[in-house]
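Trainee: In order, the protein sequence lines correspond to chains A and L.
The first sequence begins at 1 in the working numbering and counts up by one.
The second sequence begins at 1 in the working numbering and counts up by one.
Quick caveat, the hints were computed from the structure, so don't treat them as lab data.
Since the structure is predicted, the reported quantities are computational estimates derived from the model, not experimental observations.
Among the hints, a few may not be true.
Just so you know, same-sequence chains aren't split out, so a pair can sit in one copy or run between any two.
Unchecked claim - Straight-line distance between alpha carbons at most 16 Å, and here's what the computed EDC-like set of lysine to aspartate or glutamate pairs gives:
1. 307 to 133
2. 128 to 145
3. 128 to 264
4. 258 to 75
5. 352 to 311
6. 103 to 6
7. 265 to 75
8. 103 to 3
9. 258 to 40
10. 191 to 60
Protein chains: 2
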Amino acid sequence: MQDWRDNVRRVTPYTPGEQPAGLHVVKLNTNENPYPPAPEVEEALCMAAGEAGMLRRYPDPEARELTSALAAFYELPADRIFVGVGSDDVLAMSFLTFFNGDKPLLFPDITYSFYEVWAGLFHIPFEKIPLDEQFRLRKEDYFRENGGIIFPNPNAPTGIGESLENIEEILRRNPGSVVIVDEAYVDFGAKSAVELTDRYDNLLVVQTFSKSRSLAGVRIGFAVGQPELIGALKNVKYSFNSYTMSRLAIKAGTAALKNRAYFEKTVEKVQATRAQAAAKLREFGFVFEDSQANFLFVTHPVWRAQKLYEDLRQENIYVRYFRQPRIDNYLRITIGTDEEMAKLYDFLAGYKG
Amino acid sequence: MQDWRDNVRRVTPYTPGEQPAGLHVVKLNTNENPYPPAPEVEEALCMAAGEAGMLRRYPDPEARELTSALAAFYELPADRIFVGVGSDDVLAMSFLTFFNGDKPLLFPDITYSFYEVWAGLFHIPFEKIPLDEQFRLRKEDYFRENGGIIFPNPNAPTGIGESLENIEEILRRNPGSVVIVDEAYVDFGAKSAVELTDRYDNLLVVQTFSKSRSLAGVRIGFAVGQPELIGALKNVKYSFNSYTMSRLAIKAGTAALKNRAYFEKTVEKVQATRAQAAAKLREFGFVFEDSQANFLFVTHPVWRAQKLYEDLRQENIYVRYFRQPRIDNYLRITIGTDEEMAKLYDFLAGYKG
Numbered sequence: 001m002q003d004w005r006d007n008v009r010r011v012t013p014y015t016p017g018e019q020p021a022g023l024h025v026v027k028l029n030t031n032e033n034p035y036p037p038a039p040e041v042e043e044a045l046c047m048a049a050g051e052a053g054m055l056r057r058y059p060d061p062e063a064r065e066l067t068s069a070l071a072a073f074y075e076l077p078a079d080r081i082f083v084g085v086g087s088d089d090v091l092a093m094s095f096l097t098f099f100n101g102d103k104p105l106l107f108p109d110i111t112y113s114f115y116e117v118w119a120g121l122f123h124i125p126f127e128k129i130p131l132d133e134q135f136r137l138r139k140e141d142y143f144r145e146n147g148g149i150i151f152p153n154p155n156a157p158t159g160i161g162e163s164l165e166n167i168e169e170i171l172r173r174n175p176g177s178v179v180i181v182d183e184a185y186v187d188f189g190a191k192s193a194v195e196l197t198d199r200y201d202n203l204l205v206v207q208t209f210s211k212s213r214s215l216a217g218v219r220i221g222f223a224v225g226q227p228e229l230i231g232a233l234k235n236v237k238y239s240f241n242s243y244t245m246s247r248l249a250i251k252a253g254t255a256a257l258k259n260r261a262y263f264e265k266t267v268e269k270v271q272a273t274r275a276q277a278a279a280k281l282r283e284f285g286f287v288f289e290d291s292q293a294n295f296l297f298v299t300h301p302v303w304r305a306q307k308l309y310e311d312l313r314q315e316n317i318y319v320r321y322f323r324q325p326r327i328d329n330y331l332r333i334t335i336g337t338d339e340e341m342a343k344l345y346d347f348l349a350g351y352k353g
Numbered sequence: 001m002q003d004w005r006d007n008v009r010r011v012t013p014y015t016p017g018e019q020p021a022g023l024h025v026v027k028l029n030t031n032e033n034p035y036p037p038a039p040e041v042e043e044a045l046c047m048a049a050g051e052a053g054m055l056r057r058y059p060d061p062e063a064r065e066l067t068s069a070l071a072a073f074y075e076l077p078a079d080r081i082f083v084g085v086g087s088d089d090v091l092a093m094s095f096l097t098f099f100n101g102d103k104p105l106l107f108p109d110i111t112y113s114f115y116e117v118w119a120g121l122f123h124i125p126f127e128k129i130p131l132d133e134q135f136r137l138r139k140e141d142y143f144r145e146n147g148g149i150i151f152p153n154p155n156a157p158t159g160i161g162e163s164l165e166n167i168e169e170i171l172r173r174n175p176g177s178v179v180i181v182d183e184a185y186v187d188f189g190a191k192s193a194v195e196l197t198d199r200y201d202n203l204l205v206v207q208t209f210s211k212s213r214s215l216a217g218v219r220i221g222f223a224v225g226q227p228e229l230i231g232a233l234k235n236v237k238y239s240f241n242s243y244t245m246s247r248l249a250i251k252a253g254t255a256a257l258k259n260r261a262y263f264e265k266t267v268e269k270v271q272a273t274r275a276q277a278a279a280k281l282r283e284f285g286f287v288f289e290d291s292q293a294n295f296l297f298v299t300h301p302v303w304r305a306q307k308l309y310e311d312l313r314q315e316n317i318y319v320r321y322f323r324q325p326r327i328d329n330y331l332r333i334t335i336g337t338d339e340e341m342a343k344l345y346d347f348l349a350g351y352k353g
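Using the sequences and the hints given, assemble the complete structure.
Mentor: In structure tokens, the structure reads:
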């Protein structure tokens, strides 16, 4: 007899970082920004509260207020921008839209672990390309037959940035594949490939409001590409859900874009704390590459990562540990405020392993 | 040579109703509630504005505040509830999760036109089952081999409700298929199948905050089913996007559930206006079945629907016209406020066809 369970899609879901509540938690585990969003966001929400009656109406399916603000910020025409419910939504839609061939999608073996989950969900063949011993991407590994390419820049969880020259060479060698550069952390120091979208019709650059713009709680991501690529993405998105961006998200996101000075200042503060944290952690004996992101990816010659992760957790200091080949002795530590980082240094100063 | 366009998923997207802006528009075309959400929503947004700093943090991936409030409202355990970005998100995830067989998904020929779009998007085989001459569903048509069943109750765009007895018989005859009852409009008069989820492990009931709760602009939908069904849906959702429900949506949705009296009063007002509108429109010669939804689905023996739609549009009165077989001489008219409906009656009183 037929069982409905036989028709259920079986997946191994992504495991998001813990979201512990509580006032005394030092949360350095999900790469959130330690600073609040631009003050314009609060103003916009106050105004939205005053206009709560309007929430009875559907939002603009094209979220034009937000895409126009993005277009102005990045000096691009609005038809080169796509917005979604966080960059995860943008990336999931992109996998569904662009990776429908028989050849494998290529991505690094050490990278954002959602790529493998999306490939599994949509039954996309894929091949994980090992990073080199220093966790660097070898561009030559991507000069081969494939059904698409995706990698973050800077990479996660390593924090290592890739040069635009290397990215451009990958693009040049793969005119027949969509190449996605996932720039979730790009504002913290790497060079964005957005300018390359002028010349490469197969390039999609994805960014998010969750990190540098301090709006992880509102869920806004976006993609930049040429109109043909963006149009294909929109068609799939409109076949999935016409109204993904709420009126509140459109308002909050648009407001966050109004204050470039605040955005730059916040990024600079994170960078300054990152420089200090790098120096401090090296003093404690940690070994790691320089990071272009808002986190450090560290290992220690003596202290075992998993034990340190657990010991930190006991003290309400949350960092990220990945039980994965090659990186199971590493920790990813988000850059918090100076005060939060000081609690980490204090702990480490007294740590015996 | 390989072309990236060959790997792009080609779709025919859903066409949402127009979203005209402007103060003088009488908007009776997308079944929005004419009344604002409960006052608790404004309060919650004011509070959220005051806590804008918290938006830097990811939301709870399980949106437990909202699912708990729904669980309390419907007197169900929280593990029987799934929430999403509008019921379209819940339905899209459900198609992706439950309809992976080779046998056709069954749904009525006249129904929510997104079903066909989702089936196309996910390459799900489907068969459209004709409603009878009075646009009623014949339960016997669903007693056949299938890979799943979905229909709205009340149906859209007809507004016709189905009895729970018929729904239960469809469930009983299809223990091997997931049956989705899409109750977007159920609060306006049909009987909900939520109680049947106690006894049928293959039943998923989907509802929305966009209609009876006046929150179309915030994007909240939910599903009720047994924990096994909800669990499968969550796994796919977590493989797509861990954080779909923003902090703002969680707050607004939870607030809307706090005021049952307001909710009931709003529904009653819509029902009263619907009764009056039905009487008025019948006076004008329109022919239609009674509606259990917040719209009327009408035809006229003399006036052609498409022309009337266009003539109304000229006067800034927007209703919905579907260029589709069997219903291309019908209009779907959302129940607005009494004042908005009066503008429609005034127009019709002077209409010559």
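Trainee: All the hints need checking, so say for each whether the structure fits it.
Mentor: Structure-based check of each hint:
Taking identical chains as interchangeable, the C-alpha atoms of residue 307 and residue 133 are never at most 16 Å apart, the minima being 24 Å within one chain and 70 Å between chains. For the homomeric pair residue 128 and residue 145, the shortest alpha-carbon distance inside one copy (14 Å) is at most 16 Å, but the shortest distance between copies (41 Å) is not. For the identical chains of this complex, residue 128 and residue 264 are neighbours neither inside a copy (35 Å) nor across copies (55 Å), given an alpha-carbon limit of 16 Å. Proximity of residue 258 and residue 75 under a CA criterion of 16 Å is satisfied intra-copy only: 14 Å inside one chain copy versus 44 Å between copies.
Taking the closest pair of Cα atoms, residue 352 and residue 311 come within 16 Å of each other only inside a single copy of the chain (11 Å); across copies the shortest separation is 80 Å, beyond that limit. For a Cα distance limit of 16 Å, the shortest separation of residue 103 from residue 6 across copies, 12 Å, qualifies, whereas the shortest one inside one copy, 27 Å, does not. Neither within a single protomer nor between protomers do residue 265 and residue 75 lie at most 16 Å apart by alpha-carbon distance, with minima of 21 Å and 49 Å respectively. For the identical chains of this complex, residue 103 and residue 3 are inter-copy neighbours only, at 13 Å across copies versus 33 Å inside a copy, given an alpha-carbon limit of 16 Å.
Proximity of residue 258 to residue 40 under the C-alpha cut-off of 16 Å is restricted to the intra-copy arrangement: shortest distance 7 Å within a copy versus 29 Å between copies. In the homo-oligomer, the alpha carbons of residue 191 and residue 60 never lie at most 16 Å apart, since the shortest distance is 32 Å inside one protomer and 32 Å across protomers.
Violated hints, listed in ascending order, are 1, 3, 7, 10; each of the other numbered hints is respected by the structure.
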